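Number of protein chains: 2
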Amino acid sequence: MSAKPLNDLSQLCIHTITTKPWNIETAAQNFSKAGVKGITVWRDALTGRNIKQTGQQLRDAGLEIVSLCRGGFFPSIDVSKRKAALDDNRKAIQEAAELGAPMIVLVCGSDPLQPLEESRKQIQDGIMSVLPEAKAAGIKLAIEPLHPMYADTRSAVNSLGQANDMACEINSPLVGVAVDVYHLWWDPHLEQEIKRCGRNNHLYAFHICDWNVPTADFLWDRGLMGEGCIPIKKIRSWVEDTGFQGFYEVEIFSNKFWSEDQSVFLNKIIKAYQEKS
Amino acid sequence: MSAKPLNDLSQLCIHTITTKPWNIETAAQNFSKAGVKGITVWRDALTGRNIKQTGQQLRDAGLEIVSLCRGGFFPSIDVSKRKAALDDNRKAIQEAAELGAPMIVLVCGSDPLQPLEESRKQIQDGIMSVLPEAKAAGIKLAIEPLHPMYADTRSAVNSLGQANDMACEINSPLVGVAVDVYHLWWDPHLEQEIKRCGRNNHLYAFHICDWNVPTADFLWDRGLMGEGCIPIKKIRSWVEDTGFQGFYEVEIFSNKFWSEDQSVFLNKIIKAYQEKS
Numbered sequence: 001m002s003a004k005p006l007n008d009l010s011q012l013c014i015h016t017i018t019t020k021p022w023n024i025e026t027a028a029q030n031f032s033k034a035g036v037k038g039i040t041v042w043r044d045a046l047t048g049r050n051i052k053q054t055g056q057q058l059r060d061a062g063l064e065i066v067s068l069c070r071g072g073f074f075p076s077i078d079v080s081k082r083k084a085a086l087d088d089n090r091k092a093i094q095e096a097a098e099l100g101a102p103m104i105v106l107v108c109g110s111d112p113l114q115p116l117e118e119s120r121k122q123i124q125d126g127i128m129s130v131l132p133e134a135k136a137a138g139i140k141l142a143i144e145p146l147h148p149m150y151a152d153t154r155s156a157v158n159s160l161g162q163a164n165d166m167a168c169e170i171n172s173p174l175v176g177v178a179v180d181v182y183h184l185w186w187d188p189h190l191e192q193e194i195k196r197c198g199r200n201n202h203l204y205a206f207h208i209c210d211w212n213v214p215t216a217d218f219l220w221d222r223g224l225m226g227e228g229c230i231p232i233k234k235i236r237s238w239v240e241d242t243g244f245q246g247f248y249e250v251e252i253f254s255n256k257f258w259s260e261d262q263s264v265f266l267n268k269i270i271k272a273y274q275e276k277s
Numbered sequence: 278m279s280a281k282p283l284n285d286l287s288q289l290c291i292h293t294i295t296t297k298p299w300n301i302e303t304a305a306q307n308f309s310k311a312g313v314k315g316i317t318v319w320r321d322a323l324t325g326r327n328i329k330q331t332g333q334q335l336r337d338a339g340l341e342i343v344s345l346c347r348g349g350f351f352p353s354i355d356v357s358k359r360k361a362a363l364d365d366n367r368k369a370i371q372e373a374a375e376l377g378a379p380m381i382v383l384v385c386g387s388d389p390l391q392p393l394e395e396s397r398k399q400i401q402d403g404i405m406s407v408l409p410e411a412k413a414a415g416i417k418l419a420i421e422p423l424h425p426m427y428a429d430t431r432s433a434v435n436s437l438g439q440a441n442d443m444a445c446e447i448n449s450p451l452v453g454v455a456v457d458v459y460h461l462w463w464d465p466h467l468e469q470e471i472k473r474c475g476r477n478n479h480l481y482a483f484h485i486c487d488w489n490v491p492t493a494d495f496l497w498d499r500g501l502m503g504e505g506c507i508p509i510k511k512i513r514s515w516v517e518d519t520g521f522q523g524f525y526e527v528e529i530f531s532n533k534f535w536s537e538d539q540s541v542f543l544n545k546i547i548k549a550y551q552e553k554s
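These protein sequence lines map, in sequence, to chains A and B. Under my numbering, the first residue of the first sequence is numbered 1, with each subsequent residue one higher. Under my numbering, the first residue of the second sequence is numbered 278, with each subsequent residue one higher.
Simulated from the structure, these hints should not be mistaken for laboratory data. The reader is advised that the hints may include incorrect statements.
Mimicking DSS-like on lysine-lysine, the simulated pairs with C-alpha atoms at most 25 angstroms apart in a straight line are [claimed, not checked]:
#, chain 1, residue 1, chain 2, residue 2
1, B, K398, B, K358
2, A, K233, A, K276
3, A, K20, A, K4
4, A, K91, A, K33
5, B, K545, B, K510
6, B, K398, A, K233
7, B, K511, A, K121
8, B, K472, A, K121
9, A, K195, B, K398
10, A, K271, A, K233
11, B, K533, B, K281
12, B, K533, A, K234
13, B, K310, B, K548
14, A, K256, A, K33
15, A, K121, B, K510
16, A, K121, A, K91
Which residues of chain B face chain A? A few of them, derived with a C-beta cut under 7 angstroms, are [to be verified]:
#, residue
17, A361
18, M426
19, D429
20, N435
21, Q469
22, V490
23, W497
24, G503
25, G520
26, F521
27, G523
Computed from a prediction, not measured in an experiment: that's the story for all the values here. All C-beta atoms in this analysis are idealised placements derived from N, C-alpha and C, irrespective of residue type, glycine included.
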């Protein structure tokens with residue numbers, strides 16, 4: 001099947017980091033005014049806030065809180081750092097509960113001082129360790145596979161196949177996967193792994209942006225949908241074929257767009273969402 | 278098994294691009310003096326030379342010519358560019374024959390204006406198209422899978438699994454695979470795919486360097502062996518377990534090292550080869 005037309009903004013979610021120059025109050029106000037329906041909150045946006053009150057403000061603005069971003073960073077060769085990571089993930093679960101976010105996105109982490117296999121084991125162990133708290137709070141955890149160019153320090157989970165394997169092994173109704181086109185577009189097994197992810201009820205989130213050609217920076221040069229070479233509509237059609245009815249989350253890190261007027265950028269996002277996503 | 282100790286330099290090959298500030302004559306002289314046994318020649322190093330004579334000079338210096346680097350860049354949405362690519366690959370085959378190189382490394386190419394699947398098909402078709410000339414000249418072609426961060430313009434073949442699949446489908450005694458740790462270290466299927474590559478007699482070349490943490494540039498910041506996070510010895514042990522007895526080729530693109538005295542850099546390469554590879 002081909003992707004359905006995006007005639008309205010009912011599935012559009014934007015990450016707070018996408019419009020980083022705005023604080024969360026300004027972002028919420030402007031997203032709401034523009035008709036955006038969902039917001040994923042990065043934890044730094046909550047600094048100094050009463051989290052419960054901020055959650056209520058977002059809902060009062062008509063925004064659905066899609067996720068808290070991010071937990072993870074479990075692996076370390078240093079046991080005390082691994083323990084600190086577990087504490088931080090428990091804190092994130094508490095924050096998600098206070099905010100009213102049903103899910104935390106996990107950027108799983110990787111430690112270049114130890115083998116990837118060890119980091120992968122520590123990620124799985126870490127998720128299992130915080131699962132009781134996640135269950136108690138009713139918060140879902142989404143493993144986000146990251147592009148292989150981040151295998152050194154950001155994630156030892158670098159393909160949807162690996163993330164699916166891990167979700168299957170953990171085998172909890174609260175642990176699934178976040179699919180981000182930026183990280184996964186190159187993978188020849190992407191279609192089959194999205195199908196598998198859907199079959200297992202593990203498809204928890206769908207993130208969009210584009211891959212700039214050329215890309216100038218390892219982190220801060222993501223493109224707006226349609227500007228790059230990712231077949232977003234094709235990937236979205238695979239996601240929709242699984243029955244996914246969640247939000248399409250715009251997650252763009254871009255020094256270029258952050259230096260622009262964010263209202264102009266928001267209009268570009270909405271246009272790109274409807275025409276190029 | 279663990280990797281064997283590298284007590285001598287009998288399997289050490291260096292790519293001309295690794296010491297880019299040196300012309301090929303200076304590189305050959307210095308490699309030879311230092312006891313390096315193999316050289317892989319980048320085509321730009323041959324500009325303005327009589328290729329046959331250069332090949333003879335390299336052999337006279339006691340160097341074995343391991344490969345000509347590089348052919349490939351087959352895909353394009355533009356049919357005239359695809360045709361030009363075939364012509365260029367035929368030229369490379371002729372150059373390899375004149376130089377006395379038994380093999381060409383293929384950086385396969387990718388066109389962001391068309392789907393990856395189409396680029397992959399054009400790569401396979403392109404290799405098949407030049408195979409008669411390769412056969413006539415007795416030149417082997419090594420498909421080099423490139424890191425997924427190069428999927429936009431440099432290669433639509435981004436894992437050893439894909440390269441193995443393609444070599445199996447082409448099914449020619451002249452078409453195999455080049456394994457470069459920089460491109461493949463992150464892949465959870467690397468060990469099994471190296472085994473498969475060996476079983477099929479497709480393991481034609483083994484390239485080494487390291488992944489800097491952090492990496493500053495998409496192209497020009499490769500590390501010297503031991504400086505980064507790639508488990509080179511472990512990967513080499515997998516390669517050796519297949520029965521591979523070819524060269525270990527040092528291929529480093531580095532603005533940092535190119536700005537140093539290349540004799541000092543060559544000494545560092547030899548030390549890193551023996552101690553960290």
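Verification of the hints:
1. Only pairs whose Cα atoms come within 25 angstroms are accepted, and B:K398 paired with B:K358 is accepted, the gap being roughly 15 angstroms.
2. Between A:K233 and A:K276 the CA atoms are separated by roughly 7 angstroms; this keeps the pair inside 25 angstroms, and the hint holds.
3. Among the hinted pairs, A:K20 with A:K4 is inconsistent with the structure: their alpha-carbon atoms are about 30 angstroms apart, more than 25 angstroms.
4. A threshold of 25 angstroms between alpha carbons decides the hint, and for A:K91 with A:K33 the separation of about 32 angstroms lies outside it, so the pair is violated.
5. With a C-alpha separation of about 17 angstroms, the suggested pair B:K545 and B:K510 falls inside the 25 angstroms cut-off, and the hint holds.
6. Restraint check for B:K398 and A:K233: the C-alpha separation of about 21 angstroms stays at or below 25 angstroms, so the hint holds.
7. Among the hinted pairs, B:K511 with A:K121 is consistent with the structure: their alpha-carbon atoms are about 18 angstroms apart, no more than 25 angstroms.
8. The straight-line distance between the Cα atoms of B:K472 and A:K121 is roughly 23 angstroms, inside the 25 angstroms bound, and the hint therefore holds.
9. Restraint check for A:K195 and B:K398: satisfied, since their Cα atoms lie roughly 23 angstroms apart, inside the 25 angstroms limit.
10. Pair hint A:K271 plus A:K233 holds up; C-alpha atoms about 14 angstroms apart against a cutoff of 25 angstroms.
11. Between the alpha carbons of B:K533 and B:K281 the distance comes to roughly 30 angstroms, so the proposed pair goes past 25 angstroms and is violated.
12. Straight-line distance between C-alpha atoms of B:K533 and A:K234 comes to about 41 angstroms, which puts the hinted pair past the 25 angstroms bound.
13. Simply put, B:K310 and B:K548 have alpha-carbon atoms about 15 angstroms apart, close enough for the 25 angstroms limit, and the pair holds.
14. Between A:K256 and A:K33 the alpha-carbon distance is near 24 angstroms, which keeps this suggested pair within the 25 angstroms criterion.
15. A hinted pair counts as satisfied when its Cα atoms are at most 25 angstroms apart, and A:K121 with B:K510 qualifies at roughly 21 angstroms.
16. A C-alpha spacing of about 22 angstroms is found between A:K121 and A:K91, which places the hinted pair at or below 25 angstroms, so the restraint holds.
17. A distance limit of 7 angstroms between C-beta atoms decides the matter here; for B:A361 the minimum to chain A is near 20 angstroms, and the interface restraint is violated.
18. With a least beta-carbon distance of about 4 angstroms to chain A, the hint placing B:M426 at the interface is held under the 7 angstroms criterion.
19. Here the hint on B:D429 is kept, as its CB sits about 5 angstroms from the closest CB of chain A, short of 7 angstroms.
20. Residue-level restraint check for B:N435 holds (minimum Cβ-Cβ distance to chain A is 5 angstroms; threshold 7 angstroms).
21. About 13 angstroms separates the beta-carbon of B:Q469 from the nearest beta-carbon of chain A, more than 7 angstroms, and the hint is not met.
22. For B:V490, the suggested interface contact is upheld, since its CB lies about 5 angstroms from the closest CB of chain A, less than 7 angstroms.
23. Given the 7 angstroms rule on beta carbons, the hint for B:W497 is violated: about 13 angstroms separates it from the nearest Cβ of chain A.
24. Checking B:G503 against chain A: minimum C-beta separation of about 13 angstroms lies over 7 angstroms; hint violated.
25. With its C-beta approaching chain A no nearer than about 25 angstroms, B:G520 sits outside the 7 angstroms limit, and its interface hint is violated.
26. Given hint, B:F521 at the interface with chain A, is violated; its Cβ is 22 angstroms from that chain's nearest Cβ, farther than 7 angstroms.
27. Interface hint at B:G523: violated, since its Cβ lies 26 angstroms from the closest Cβ of chain A, which is beyond the 7 angstroms cut-off.
Of the numbered hints listed earlier, those contradicted by the structure are 3, 4, 11, 12, 17, 21, 23, 24, 25, 26 and 27.
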